[in-house]
Amino acid sequence: MTKRRGFSLERLSGAPLRALTRLSGSDLAARLHLRDPARKILYHGARVGTQAIKAGVAAVSKRAPSDPTRLSASKGAGKFDLTPTDDQAMMRDSMRRFAGEVLQSAARAADDAASPSDEVLEQAHALGLAALAVPEALGGVGAERSSITQVLIAEELSRGDMGLALAILSPVAVVQAIVEWGTGAQQQDLLPRFLGDHFAPAALAILEPRPLFDPVAPRTGAVRDAKGGGWALWGEKSLVPLASRAETFLVAADVKGVGPRLFVVHRDTPGLSIEPEPSMGLRGAGLGHLKLEGARVPDDALLGGPGADNSFDVGVLVDRARIAWGALAVGTSQAVLDYVIPYVNARQAFGEPISNRQSVAFLVADIAIEVEGMRLLVQRAASLAEQGKGITRAASLARQQCASKGMKIGSDGVQLLGGHGFIKEHPVERWYRNLRAIGVFEGGVLA
Amino acid sequence: MIYLETPKRFRALVEQAHGIAVNVFRPISRKYDLAEHEYPKELDLLAAIIDGVNDGGGAASASQLQKEDKTTTEETAGSTTKNGGNLATVLSMMELCWGDVGLALTIPRQGLGNAAVAAVGTPEQKAKYGKRWISMAITEPNAGSDSAAIRTSARLVGDEWVINGEKIFVTAGARSDAVVVWATLDASLGRAAIKSFLVPKGSPGLKVARLDHKLGIRASDTATLLLEDCRVPKENILGSAEIDTTKSFAGAMKTFDNTRPVVAAMACGVARAAVERAREILEKAQAVRGNERSPWLGSAAEAELCRLEAEVEVARLLTMKSAWMADNRVPNSVEASMAKAKAGRVCTEVTLRCVELCGAAAYAETDLLEKWARDAKILDIFEGTQQIQLLVVARRLLGKSSGELR
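Read top to bottom, the protein sequences are chains F and U.
Start counting the first sequence at 2; every next residue gets the next number (the working numbering).
Start counting the second sequence at 2; every next residue gets the next number (the working numbering).
For the record, the hints were derived by calculation from the structure and aren't laboratory data.
It cannot be assumed that every hint is accurate.
[Unchecked claim] Going by beta-carbon spacing under 8 Å, a handful of chain U positions derived as facing chain F:
no. : residue
1   : L5
2   : N84
3   : E236
4   : I238
5   : R294
6   : R308
7   : V315
8   : A342
[As the list claims (entries may be wrong)] Pairs of lysine-lysine, DSSO-like flavour, derived with a Cα cap of 30 Å:
no. : chain 1 : residue 1 : chain 2 : residue 2
9   : F       : K390      : U       : K285
10  : U       : K132      : U       : K42
11  : U       : K9        : F       : K390
12  : U       : K127      : U       : K42
13  : U       : K9        : U       : K129
14  : U       : K127      : F       : K409
15  : U       : K9        : F       : K80
Note that the coordinates shown come from a computational prediction; the quantities given were computed from them, not determined experimentally.
Virtual Cβ for every residue (Gly too), placed ideally from N, Cα, C.
Bound conformation, chain U alone:
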């Protein structure tokens, strides 16, 4: 039965996340935007609470639901639809990022690498690394969207992998306890030879080379890592060491089907924060009179605000749809990319337009709109740029290979 509201089951979770956004994130939002690279120690307490909840503290958390979902299969497609961990994650992420996306990205032990280990790790790897903070290192100076072009290499020497290369744009790269590093076993074999490796901090040959100064999400550290004959144990490979050229990149890229809706959710959260704040400012200035039904009969600012709100709502529903499909084991690559494409561009457009609508006070650092408009841009870039998402969608719609539609 078609129903598009937040499921009853998740309402408490959403409220909880909103509470964190209001009470933990917003009060320190500007502080860590200004103090770039300073660790937000306030998050340690929050991380401890999240760990407690995940370990069975009672309330339904996103990751707990995800665990549940892996063990329950009684609900399948059809009339008994399932609302599970993916939907819970995007709904709570929307709330957290309504608070602050930079801080949400640097909650200890909630890194992208954690998601990768949870998705493809062995039981031993999960036991050893599940409780640690794991970042993800994919991008290189000469390989961004084209992740098949990465040159960081890994070769097996005795019982150890020896990894060499340079990784950039590693979110939480300095703060994390370990890094999932993408490297190729044989650059001549293309995508099939790309594997990922768990590299704990302190591994010989691993160095955090520098931290970047950024346009936005300054609360989250973005590091450059150097791997110089970096050695990790043989068992630290994620997935199989075999090079299966028939399977190409599918395994590695599959993670994105689950993570793109999450980044889309981040964009939804930031965009909603901006339209809500803009409405508040414009109402106070009596520039909008709240004609909900036909806003175009009021001021130009009111009509524009309504348009922005509609865009945010579309992004939100596309994101929920892609997560709902994942929960119901329906292939969602295209829908995940649609959500990411829409939410990414909407977030940038909406936050920038809100600054414009609200004027000088919103451009100054005295208001968070200024910050959100800077934070927004990365959401249309990382986890696949706007253009990459459109390629994914277009290739599928038009039945094109990556060779035909490049």
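Bound conformation, chain F alone:
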């Protein structure tokens, strides 16, 4: 038990990591009692070398191409409980450490540069989050679909920085979508690159630049080329994370008579142009704009294939994305709370700490109440999602609260610091900008 707890991420970076990896994989696994997914992930995610990807590819190639592998739904405990499993708690703690030690200090630079650094993305890749989303049979470490685990991860990363969290989780969302809806052949073709040695940038592009955008009715369209085969995509996608580096995009486009579907679009596709789209916030995610002007993709770019038996449901995609955005809002809102408490206790005015005044203290109390409320809404929606239950209402309620209360918390965070909150010496102005994204974004991340 103590050994497991001591097996922390910081020990898995740098020189100690190289020392660890000199041990053979199986010995290490045995020594660390790596059985459950979250334990495996710490091991797997840290493994430097090619064993993982080789195993993954081997596992994949054993399967018939038409035979996709999905993560199964969770059963649900049947008892009201807010206690994460031991594995989830360990995962959450690891993410919290990573956010505190890596993301918080990298946030300002990424915000200024409107791009995450390669170094941060590589460090994040070592966390193995993509592998957690891939079933074991496909070379990953995932067992069942755990939206709760995903929201715990998203919350903690966002406590470090929402923009960087979005960048880190962006390829994970692509992996999740391929696992959930891809054909067997697409899984074999696309998944191994996410299980390799390096961070594989990719993004799930849903959002379009128009007011009152309805994510289940995108205007981006896909037109079948009856003669030459393949598809031509027309339209625009906005605020796409990692746009300048992503190798693969999953683009939502309407297929006439069928409805919205996801298309695999590689960055070198003719007819696709990519521009940076620096915005109010989430700058650390490296946001960009995709223009699809008759972008040509092959037949098999249609995720899940053309058959009526495909399991894709754009509503579920949108709902699960909103749950994950809710979790990002919770994390940043918690960061605001953590930051303002010591500040208002230390800041003196009229001869005493400003926190001695109800007008200040009650604002802090309200932040705490609303953060907890947002968290419960997000976790309820995530719990329903992993059980495969209807989530539309729960996700919509979570989005509503996380957008409105999250923004209020962002605003109050700046207000509580007064003029100091308005300058970049303090992170609250960045959190204010980032929290405005909730309620704007669709897609990009998944629970």
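For chain F, the structure is supplied; the task is to place chain U on it using the hints.
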């Protein structure tokens, strides 16, 4: 394992409570709102049924679960979480108050005083008073939220306590069989000297002075009690007669950790009733088209209704959380206050906004929305006002004493 649905174990109980709300409360809701101070005799039958269930009638009731929980300790914190009497109570209270909060407050033998006796009474007191209807008298004309400032006094004369003072806002003060009266043994010693006493009706010197006419919860009687050299036996003190200044108020206030989630649950029930009714009215008027996923793409009324529903859902989950913590013996003062603060303000905002959204018909006495919007306000006041709850939360978060953050 994180799971936020109503536990399987309580689904029958919740259904039962909902059935009472639909079949017993709603049909007489307006009648006793209009006939203030008239005793809702329909509740006698209901109380008898609840007593029967509590005495082992078979179905799991909230109070039975509470009894169970006191004797079973095999489930502790960790992966084997416990769903017990506190959670059962808030879930069933949400349903009952979805029906009518005033009536729920005046179910015979379910008074706040009953909760106090159950929590801190001696076996003898429980045996003698457990089957009676006990109200709770704390507030005085000059001591509301500041319950440490109460001036009602108790002094021991021979084998009797002699109590003097005036108590106001006593819920079920006229209908109850006995009253738990908070009084000080020595006003100069502050909170530590405040004790509570079981005062049966008919005690010499106890008088119900008047009944109040109220904004809402009119089915529930609210009384002013006068105690003039009121005498009760020495053994009628609840808890110890010793004045322990080191322990301050903790004992007395601890009751609130269990009762605040219950009042929060009442607010959740009323608020849910209002949003459900508003949705029904607005759908009938074709003002909402039921875009569950993106309601803001529809009418302003639909977007607003969705916002209100989200607020109600937050209040509900915070309430369930605080009760779940109590069931698992996790200190929950802050969470109980968070739930009470959120549910109290949400209930008032939501019911009032629903009246506004639905217009004239909802403002008239022809619809219960009118009544719920009046009933709601007390839920942000009694059992600790919004402001008191925020003080509890803020002091804890900021590490402040009651002297620093006043």
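Which numbered conditions among the earlier hints are violated in the structure presented, ordered from lowest to highest? Violated: hints 3, 4, 13 and 14.
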